[in-house]
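Please build the complete structure, drawing on both the sequences and the hints.
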Amino acid sequence: MTLLCAVLLSANPTAPETWHRYEFQRIRMGIPVKISLYATDDDTAKHAAQAAFARMKQLDRILSDYDPDSELMQLCAQAGSDRDIPVSKDLKVVLEHSLRVSRETDGAFDVTVGPLVKLWRKARRKKQLPTAEALTEARAAVGYESIVLDAQSSKVRLIKPNMRLDLGGIAKGYAADQALLELKKHGVSRALIDAGGDIVVGDPPPDKDGWRIGMAPLQKRDGPPSRYVTLKNAGIATSGDAWQFVEIDGQRYSHIIDRNTGYGLTERSSVTVIAADGITSDALASAVSVLGVERGLALIEKTCGTSALVVTLEEGQPVVHASKAFPAGE
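For the numbering used here, add 706 to where a residue sits in the sequence shown, where the first one is 1.
Quick caveat, the hints were computed from the structure, so don't treat them as lab data.
Here are the computed lysine to aspartate or glutamate pairs in the EDC-like style, where the Cα-Cα straight-line distance is at most 20 Å:
1. LYS763 / ASP872
2. LYS763 / GLU777
3. LYS828 / ASP964
4. LYS914 / ASP900
Simulated restraints, written as ranges between beta carbons of each label pair:
5. LYS1030 / HIS753: 40 to 48 Å
6. ASP913 / GLU851: 46 to 54 Å
7. ARG809 / THR936: 29 to 37 Å
We put the CB at the ideal spot given by N, CA and C, even for glycine.
Structure, rendered in structure tokens:
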């Protein structure tokens, strides 16, 4: 664990605390996860961060689609078996939320795209498009409608054979939420968790209105932020092809897949969604990417407590589209 510390004195003369800023980083869910927090002493900060990282490690064992022994992959192994499989509270919560977003987006967000994701991972490695036959076979196993979840008994049935769930568009947001909850249990509420760009923030730093978060530009993934927003007690997620894509025969394909076509998205865009929590911002950012500007922003406008900013590339230039409630930024 990496530990950095900076001191920030409280401006409140009645408060004796001296706040210290701490930063920790570990690899979780296959990505660097950074936790920034404020506490009054080293022990509180360290114990809180350790608990948060331990919680994320636990969730990775449940939600990973890379680990064949994860609870998720064990569930997928029973697809088409006509069996109702008991699931943990965490997997149930994530699947409940996933299904709700799937229904609200008419399948633009769909965790059953796992067979297609597997095909496109292979395509990225080999720089070769999936065959039409392979796409047809994979699409036959896709469809959130084939997930039967009994919330009362915490049991799940995957109706179609060869179904494979991929929680990549929602798991990091949920894990960040849970990490923040763990920090709060250990007395730390002034915190930011950055799980590979899925960010969740709690109470603001001392004497600040919120956490200042930079938004990466569409064209230069390593460039300076294109704008900043200040947030507290919220989740913010950005979805796009800046980091994960493959270019084949001159065409760029995003890692974000449209289940209706079976192909990765080809329109360049970056979607940032702000919501009350990370699980919501993560899932909606993926959904809006698939829906496109008009339908995506229409969804956001009718979804309480959310806002979005979509940046598209038109004739090589970024064009910004924002929902009414998205912060003006700086």
